[in-house]
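S.K.: Start from the sequences and build out the full structure, keeping to the hints where you can.
Protein chains in written order, with this note's numbering: chain A, 1 to 325; chain B, 1 to 322.
Keep in mind that the hints are not guaranteed to be accurate.
[Said to hold, decoys possible] Capping the alpha-carbon separation at 27 Å, the derived lysine-lysine pairs in DSSO-like fashion look like this:
id: 1; chain 1: B; residue 1: Lys121; chain 2: B; residue 2: Lys35
id: 2; chain 1: A; residue 1: Lys199; chain 2: B; residue 2: Lys262
id: 3; chain 1: A; residue 1: Lys245; chain 2: B; residue 2: Lys262
[What the hints assert, rightly or not] Which bits of chain B does chain A cover? Going by a derived footprint, with three or more residues having C-beta under 8 Å, they are:
id: 4; segment: 112-123
id: 5; segment: 214-227
id: 6; segment: 257-263
Treat the hints as calculated values from the structure; they're not laboratory data.
Heads up, the beta-carbon is just placed ideally off N, CA and C, and yes, glycines get one too.
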Amino acid sequence: MDNIILEAKNIKKHFPIKKGLLLREVASVKAVDDVSLVVHKGETLGLVGESGCGKSTLGRTLIRLYEPTAGEINFDGQNFLKLKGEDLRKKRKNMQMIFQDPYASLDPRMTVGQIIRQPMDIHNVGSATERDQRVLELIELVGLRKAHVNRYPHEFSGGQRQRISIARAIALNPELIICDEPVSALDVSIQAQILNLLKDLQEKLSLTYVFISHDLSVIEHTCDRIAVMYLGKIVEIASRDELFKNPQHPYTQALIGAIPRVGQGKKKMKKSLGGEVPSPINPPSGCTFHPRCPYKMDICSQKVPVLEGSGTHKKSCWLEKAPQV
Amino acid sequence: MSIQPLLEVKNLETTFRTKAGPVRAVNNVSYDIHKGQTLGIVGESGCGKSVTSYSLMRLIEHPGRVTGGQVLLNGRDILKLSEGAMEEVRGGEMAMIFQEPMTALNPVLTIGFQMDEQIMKHKKCSPKESKERAIEMLRLVGIPSPEERYNSYPHQLSGGMRQRAMIAMALSCDPTFLIADEPTTALDVTIQAQILELIQNLQEKLNMTVQFITHDLGVISEISDRVMVMYGGQTCEQADTSELFLNPSHPYTAALIASRPKFGERVQRLTTIEGSVPAPFELPKGCPFVNRCSRVKSECAGTKPPLIEIRPGHKVACFNPL
Numbered sequence: 001m002d003n004i005i006l007e008a009k010n011i012k013k014h015f016p017i018k019k020g021l022l023l024r025e026v027a028s029v030k031a032v033d034d035v036s037l038v039v040h041k042g043e044t045l046g047l048v049g050e051s052g053c054g055k056s057t058l059g060r061t062l063i064r065l066y067e068p069t070a071g072e073i074n075f076d077g078q079n080f081l082k083l084k085g086e087d088l089r090k091k092r093k094n095m096q097m098i099f100q101d102p103y104a105s106l107d108p109r110m111t112v113g114q115i116i117r118q119p120m121d122i123h124n125v126g127s128a129t130e131r132d133q134r135v136l137e138l139i140e141l142v143g144l145r146k147a148h149v150n151r152y153p154h155e156f157s158g159g160q161r162q163r164i165s166i167a168r169a170i171a172l173n174p175e176l177i178i179c180d181e182p183v184s185a186l187d188v189s190i191q192a193q194i195l196n197l198l199k200d201l202q203e204k205l206s207l208t209y210v211f212i213s214h215d216l217s218v219i220e221h222t223c224d225r226i227a228v229m230y231l232g233k234i235v236e237i238a239s240r241d242e243l244f245k246n247p248q249h250p251y252t253q254a255l256i257g258a259i260p261r262v263g264q265g266k267k268k269m270k271k272s273l274g275g276e277v278p279s280p281i282n283p284p285s286g287c288t289f290h291p292r293c294p295y296k297m298d299i300c301s302q303k304v305p306v307l308e309g310s311g312t313h314k315k316s317c318w319l320e321k322a323p324q325v
Numbered sequence: 001m002s003i004q005p006l007l008e009v010k011n012l013e014t015t016f017r018t019k020a021g022p023v024r025a026v027n028n029v030s031y032d033i034h035k036g037q038t039l040g041i042v043g044e045s046g047c048g049k050s051v052t053s054y055s056l057m058r059l060i061e062h063p064g065r066v067t068g069g070q071v072l073l074n075g076r077d078i079l080k081l082s083e084g085a086m087e088e089v090r091g092g093e094m095a096m097i098f099q100e101p102m103t104a105l106n107p108v109l110t111i112g113f114q115m116d117e118q119i120m121k122h123k124k125c126s127p128k129e130s131k132e133r134a135i136e137m138l139r140l141v142g143i144p145s146p147e148e149r150y151n152s153y154p155h156q157l158s159g160g161m162r163q164r165a166m167i168a169m170a171l172s173c174d175p176t177f178l179i180a181d182e183p184t185t186a187l188d189v190t191i192q193a194q195i196l197e198l199i200q201n202l203q204e205k206l207n208m209t210v211q212f213i214t215h216d217l218g219v220i221s222e223i224s225d226r227v228m229v230m231y232g233g234q235t236c237e238q239a240d241t242s243e244l245f246l247n248p249s250h251p252y253t254a255a256l257i258a259s260r261p262k263f264g265e266r267v268q269r270l271t272t273i274e275g276s277v278p279a280p281f282e283l284p285k286g287c288p289f290v291n292r293c294s295r296v297k298s299e300c301a302g303t304k305p306p307l308i309e310i311r312p313g314h315k316v317a318c319f320n321p322l
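M.R.: Below is the structure:
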């Protein structure tokens, strides 16, 4: 298909653990372990999972903020991992990132104007006056006022800061934006403002998003397709409707079951998924979910299941069909 | 109900002295909780929900001070108790689970030491009995191999286990009243579900009364019998949980519910509340929500709306309720 903007094949990102006088590598954290996915132009692909499942590492690896340990990434049909120097820099213009913590991701010593202008300065876009002009345009586009341009980040609230980082991310007219938990640090009433802004900008600028979040309600609202991650692997990927109506992997089912529903009144909590996410240094054998899985079979601890399925709905699970809950 | 509530809070006021003048973080808040019930307090950051809880526990530190009101626990005003008498109540009759177990637990002392300290003080028992009690509590909250964990330091436990240890500690002296301040905010959803289930089960078993604080509307709606919504240090609305979510009367409550993406309900755009939460020292004179409200009337800016009962058990502080 020609509408694929990004294709990742068998991506691995292992962080070495070094010990001893000679700093020999004694083990590695398998943060992302053999992940393949495609991102289509104009869509929002959601990455969801619990902390430590590798969703943020995957997001960063996709745009080479982390160098993958193995695998292949094609961006706009070009092998992105082979690019170097000037070519890489040019390509990078097309991909940007919005970070989780708007307090940590903006330089406190720079004014809002300087922050938003910096990507254009780095990539040498337009003349100085054009850049200043563009900064003002962007500020209005994200719902701030022109008067804000000379202020510093500490003068803004969390929601406004996130607007500044969004302005910075779209300054170069990128095609792809990785949104790493962009609303997790914000209050509920502010979350809605930012989610709406991201949606408006996507329509206006035909952006493609990879949207990382641990909040399934937010993921359901924002994303067209969703990949569920567990311990560095994608365990299920499907369109939004498919995934929520017909979740196939027991982990996806448990995640959906654990969402607190608004307005249903006090209820007895259902028996929830036991245990915790195991260490990615020494993941369980076979299917990494098997120690917590309610439908565990013999094969699960012996062989690693493959992510497969009919059409667009894929799961990595040995069960023929997951019991409906 | 004619029986006396376990906890009655009357016109509570907590003030912080700052360079910019006194800041009233909790302003004239009143509520009560009946025995065995759960009251959920919900609001955004800075609304005063945590300060309310700290005021109840008398843990407000300089430059803050409880400047008015009464807190009646079983009919006794605990704000009037001496510090020594309060130490008997705190951790004994009433206990608190804090949001961040890593900062609430002492990193250089073992879990067991910290639990013994509390148990020996309140239960007046021997170290041996105390240790047995501590291990029994750790087992009750579902910590695997509690005998070993008794000798562990907080950093050796995972986030979920640390929160369980906090709960075990809070419940170790059979409190009748438990304050849970955002106990699951720092946790993953599946762990959150485990902790909520645990608190519910223990509440039933021990017939505890719970004040549960969170900013998550989903959690609040599943765990509480009654809900209080706070904004700018004041109560906006109080009602039974199902009533509150079905018929929210305060514009803020309604907007808060509408702005949250609801699971299984598809909307193109979310309803937003314009602007942001005002800083506590620049609160408007009248209703704190006046600058963001869509149903604002002329009197809202000048006078504080009183908390009025509009339906049985449903109170709202608004001149123009929905």
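S.K.: Now look at each hint and say whether the structure bears it out.
M.R.: Each hint, compared with the structure:
1. Distance check on the hinted pair: lysine 121/B and lysine 35/B sit about 25 Å apart at the alpha-carbon level, within 27 Å; holds.
2. Only pairs whose Cα atoms come within 27 Å are accepted, and lysine 199/A paired with lysine 262/B is accepted, the gap being roughly 17 Å.
3. At roughly 15 Å between alpha-carbon atoms, lysine 245/A and lysine 262/B fall within 27 Å of each other, so this suggested pair holds.
4. With a threshold of 8 Å between beta carbons, the proposed coverage of the segment 112-123 of chain B by chain A is violated, since 0 of its residues qualify and at least three are required.
5. Only residues whose beta carbon comes within less than 8 Å of a beta carbon in chain A count, and the segment 214-227 of chain B has 10; three or more means the coverage holds.
6. Interface restraint, the segment 257-263 of chain B with chain A: holds (6 residues with C-beta to C-beta distance below 8 Å; minimum three).
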